[in-house]
Each structure stands twice: as C-alpha cells, then as structure tokens.
Amino acid sequence: MLFKKLFRLLVLGGAIIGAGTRCAGVGQSQKPDSQSGDSSPDGGMATAQDGGTSSSGGGGVIGW
Amino acid sequence: MKEAVRQIAGEAWAFRARVEREAANRFRRLSAAIPAFDPDSPVCGLLWRAASDEDRHAELCAELAASYGCAAAADPADVPIAPRTFGARDAILYEIVAACCITETESVATLATLLGERAEPRVRAVLREIARDEVVHGRMGWAHLSREAAARDVSFLSACIPTMLSGTVDEGLFSAEQTGPDELLRHGVLPPARKREIFVRTLEEVVLPGLERLGISAAPARAWIATRRA
Chain A
0 MLFKKLFRLL VLGGAIIGAG TRCAGVGQSQ KPDSQSGDSS PDGGMATAQD
50 GGTSSSGGGG VIGW
Chain B
0 MKEAVRQIAG EAWAFRARVE REAANRFRRL SAAIPAFDPD SPVCGLLWRA
50 ASDEDRHAEL CAELAASYGC AAAADPADVP IAPRTFGARD AILYEIVAAC
100 CITETESVAT LATLLGERAE PRVRAVLREI ARDEVVHGRM GWAHLSREAA
150 ARDVSFLSAC IPTMLSGTVD EGLFSAEQTG PDELLRHGVL PPARKREIFV
200 RTLEEVVLPG LERLGISAAP ARAWIATRRA
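For the record, the sequence lines run as chains A and B.
Using numbering that gives the first Met the number 0, you'd call the opening residue of the first sequence number 0 and step up by one each time.
Using numbering that gives the first Met the number 0, you'd call the opening residue of the second sequence number 0 and step up by one each time.
Some clues are possibly wrong.
Within a straight-line C-alpha distance of at most 16 Å, the following computed EDC-like cross-link-like pairs (lysine to aspartate or glutamate) qualify [to be verified]:
| hint | chain 1 | residue 1 | chain 2 | residue 2 |
| --- | --- | --- | --- | --- |
| 1 | B | K1 | B | D181 |
| 2 | B | K1 | B | E182 |
| 3 | A | K3 | B | E203 |
| 4 | B | K1 | B | E119 |
| 5 | A | K4 | B | E203 |
| 6 | A | K3 | B | E116 |
| 7 | A | K4 | B | E204 |
Restraint-style ranges between C-beta atoms, simulated for each label pair [as the list claims (entries may be wrong)]:
| hint | chain 1 | residue 1 | chain 2 | residue 2 | range |
| --- | --- | --- | --- | --- | --- |
| 8 | B | W47 | A | K4 | 36 to 44 Å |
| 9 | B | R221 | A | K4 | 20 to 28 Å |
| 10 | A | I15 | B | L114 | 18 to 26 Å |
| 11 | B | R117 | A | M0 | 15 to 23 Å |
| 12 | B | A76 | A | R7 | 34 to 42 Å |
| 13 | B | D152 | A | I15 | 18 to 26 Å |
| 14 | B | A124 | A | K4 | 32 to 40 Å |
| 15 | B | L172 | A | M0 | 22 to 30 Å |
To be clear, the hints were calculated from the coordinates, so they are not data collected in a lab.
All residues carry an ideal CB built from backbone N, CA and C; glycine is no exception.
Chain B on its own, in the form it takes in the complex (with noise of 0.2 Å):
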C-alpha cells in the first residue's frame, strides 16, 4: 500500500471514529429531551439504542484507523447546533433534521457506495456493521419529522437547511481541483469526486424529496446546490 493512501485512510477512519462519538452523545440528549412534547414517540427509544450503536462504531472506527497507524481523537464536546433563538422543540427538530434526515442518510448512501466495490476483508466487515445500524438512524429522523409535521407546520426549516448543508460538508469538496486515487475505495474511503456525486444526488434523490413531502420547500436547499456547482 502506498503511504499516501495508508495515510488518507487512517485519518477518514479516525475522523468516522470522532464523528460516530459525537453522534452517541447527540443521540442521548436527544432522546431524553423528546419526551417533554412528545411523551409516545417511538423515536426516543430508538434514539437511545441509537446512541449505543454509535459506541460501537466508534470503536470499530478507532480499531480500523489505528491499523493504518492513526490515532482517533479523545471524546468530543456535545455541542447542540440549533440557532440559539429557537424554542426547546424547534431546536431538537432542527438538530434530528441536520444529524439525522441528512447526515444518517447521506451515511448511509455513502457505506452503500462503499459496499458495491471490492473493499479488504476487515474494511467490509466493519462497514456492513455500521450500515446495518445507520438505516435504522436514518430512518428515526424521518420518524421524528414525519410526527412533527402532522403536529405542526415545520416549513420554517426550509430556510435553514443551507446552514445546515454548509455544516455537513468541507465547502473543499466542490473543488475542482480535488482527486484522490481509485486504490481508496478498497480502504473505504470515497475518492473527492465520487464523494461529491455521491452527496449530491442522495441531496437532490433522497433528502430533499423527503424533505418536501413533508412541507419544507427545497428551494434554498437547491439554489445552495446549484451555487457550489456553479
């Protein structure tokens, strides 16, 4: 294996192993802050496995990592992301939207991505695992969404979610000049271009029909899309 991809790769898996710690400690703040307007929600419950999942993935990403000889970072602050002028319900709306309706999803195309190629043994098992559980997370935020929806109007997201796109994804990534060798897929990573391809059109195919069934307009969600194409 060349250097360079050892090295590319161990710090994605040491970054997945921060980003799946982050998500096990949203997924418990969530889940019991939910009760107080929504006391019959089956989301709480799943958001609590949720959190127990991301533990374990968090792990397996460390484990992967450490074996291209990079080291995962220590445990990340839990810091709630909804602008600070939202009530209690809007702003854990607005967090299981951003956490879940996208990131869980656009995950979730992106380890199915990754399983349709040639990936090492001990890569594909870790992400046969961790896709397995990322289905379920998606799916709890759509399940959050769907409820708050037919309980209320939840077009006020409809402008928030470029903000909530420009937090999902490292603005380099529509670079042109971005590249990254075809040998990274085998070590589960996505090249930047496939990345992009990948991100978008789960955005402009999943997401944002998604999003609009539900009665938040995709409008600014696209004009964010077509500017970064631009």
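Looking at chain A on its own, in the form it has when it is part of the complex (with noise of 0.2 Å):
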C-alpha cells in the first residue's frame, strides 16, 4: 500500500508538474547529447576533481 501511493505520489505527481510547461527542448534531436557531437564532451558540467564518488564511470548519490 505504501510504495503504491508513494509511485502515484512521487512518479505520477512528478509527471503532472513536468508537464505544467512545454519544454524548450522538444522537436530537438532525439539522440541523448553526448552522442550528438557537441564542441565539449564534458559540458563543463562533469569535468569536476575526482572528490570520492565522482568517477569516469559515473557514480551514485547515497542516502538515508
């Protein structure tokens, strides 16, 4: 009962937030952007030290 109401709650109702505006990038490429050429590779977004979780691989945000 409660991971139903935590899918509607959580996905469903991410969803209808999402949804609240069209995206800027729809109608774009329908290839994910690191396979579409761009000038960087890292976006300057990925491209940070190597500060214990980060990885070339990519890594995972711990929790509770």
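Fit chain to chain and form the complex, with the hints in mind.
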C-alpha cells in the first residue's frame, strides 16, 4: 500500500509537474547529447575533480 | 538508552546531516544549469527551494546528532557524479535521476516507514518536517525526467542505473550478517534488515516502474538486485 501510494505521489505527481510548461527541447534531436557531437564532451559539467564519489564511469548519491 | 544504540543513532544523524548538505550544494548547481536547455522548466525553481530545505534539514540532523553526543562533519565538497564522457544535458539528467528519482524516492520511503514506528517525540518532529519536503524533492526528479523523456530519447540511462544504485547504498547492506536492535527505530534509524527490505521494495515497486514508464529499461537494475539477493 505504501509503495503504490509513493508511486502515485512521486512518479505520477512529478509527471504532472513536469508537464506544467512545454519543454524547450521538444522537437529537438532524439539522440542523447553525449552522442550528438557537442563541442565539449563534458559540457563543463562533469569535469570536476574526482572527489570521492565521482569517477569516469559515473556514481550515485548516497542517502538515508 | 544503551551506549551502542546511542552511538549508532548519533552517527546516523551526523551522516544524514552531511547527506543533506551535499544535496543542498548539488541542487543549487543543478538549478543554475537547467535553464541553458530548458528555460521554461518548473524544476529550476523547485531545485532552488529544495536547496534551502536541505540546509534546514542539515541543521536539524546535526542538532539530533549532537543530542546523541556525535558531531556532524564539516561542509562536504560538491562533486558532480555523471560519467565524464556525458555532455552537459545528459550529465544533468544523470545526476537528477540518481539524486532525486532514486535517492530522494528512497528517502521518502524510509521516512514514511520511520514515521509508522514509535519514535521519540523530538525525533518524530524532525522526521515529519523532513518528510514533508522530501516528497517535493522526489517529485522534482520525476518531473525533470518526464520532461526530458517527452523531448528526447532517454533510454541510454538504462545501463547507468546499476552504477547509480551501487553509489546509493553501502554494499554491506546486502550482507546477511548485518543486524541491529529494533530499539534503533525509536531514534529514527532503520535496523539493517528493515532498511534492506525498504530499499529493495522501493526500487521494485516505485523507482523501476517509474523509469520503465518513461522509456528506461529496468532490466540491468533488476539484474543488479538479483545479484545482491543471491
């Protein structure tokens, strides 16, 4: 029961929020941008120092 | 209260204070990055507000940790977690799925479980305040993912989910030897067996169906779970 409620609350509730305004990217390339030949392979986003959780293969976010 | 319980509870709340600080830093960075490709997104504002929520949660967790005789660590560094080969937009999506769709969703399930137990009044007050905000934090991840899924192919994330999961929990969680007293529940901490059960059920009944609904195969994630259950 808890989990069904969480699915509705979070997943479906989030989708409603996300649909609130049109995404500027609608109609753009259907390829993920890592495959679309962007000028910067990391976009300046994933270049940070390897500070423990980061790695070339990605990481996760530890929680409660 | 037994000394062992006091210590485990203090360390857990100190750890949570650090987790909340990390989330605050991450949400501020992501909030500033999304407008570059989705200026109309409602998620930017939600992330910005969520960062303030997380600062407040960190204070609450640190206060509880101190009450158990444990000091919270200093402000942690903000480290992006996406693979380095990813472009900016994919990196943001990766990080929001890991931080919100997985970790915040798991946090909501943990908090809901803890609130169903008989926690100490001061612990219960903190759990309740944090739970109210974490629902919004989980939703904003699903909101961002649903916007991206409507705009482009996000199926590439399927292969990334096991890596995200490995970074979300201590592998020791799946060790059969891990035990802990039920008394921990009164202090806002799930004993390991209960934590494992909640973690897996939240994945199987909330996170993975949510990803599949948005075009991301959960097969690699299900294999990750099966390996750890074996």
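Against the structure, the hints come out as follows:
| no. | hint | verdict |
| --- | --- | --- |
| 1 | B:K1 with B:D181 | 12 Å, holds |
| 2 | B:K1 with B:E182 | 9 Å, holds |
| 3 | A:K3 with B:E203 | 11 Å, holds |
| 4 | B:K1 with B:E119 | 15 Å, holds |
| 5 | A:K4 with B:E203 | 14 Å, holds |
| 6 | A:K3 with B:E116 | 20 Å, violated |
| 7 | A:K4 with B:E204 | 10 Å, holds |
| 8 | B:W47 with A:K4: 36 to 44 Å | 27 Å, violated |
| 9 | B:R221 with A:K4: 20 to 28 Å | 22 Å, holds |
| 10 | A:I15 with B:L114: 18 to 26 Å | 24 Å, holds |
| 11 | B:R117 with A:M0: 15 to 23 Å | 20 Å, holds |
| 12 | B:A76 with A:R7: 34 to 42 Å | 36 Å, holds |
| 13 | B:D152 with A:I15: 18 to 26 Å | 22 Å, holds |
| 14 | B:A124 with A:K4: 32 to 40 Å | 23 Å, violated |
| 15 | B:L172 with A:M0: 22 to 30 Å | 24 Å, holds |
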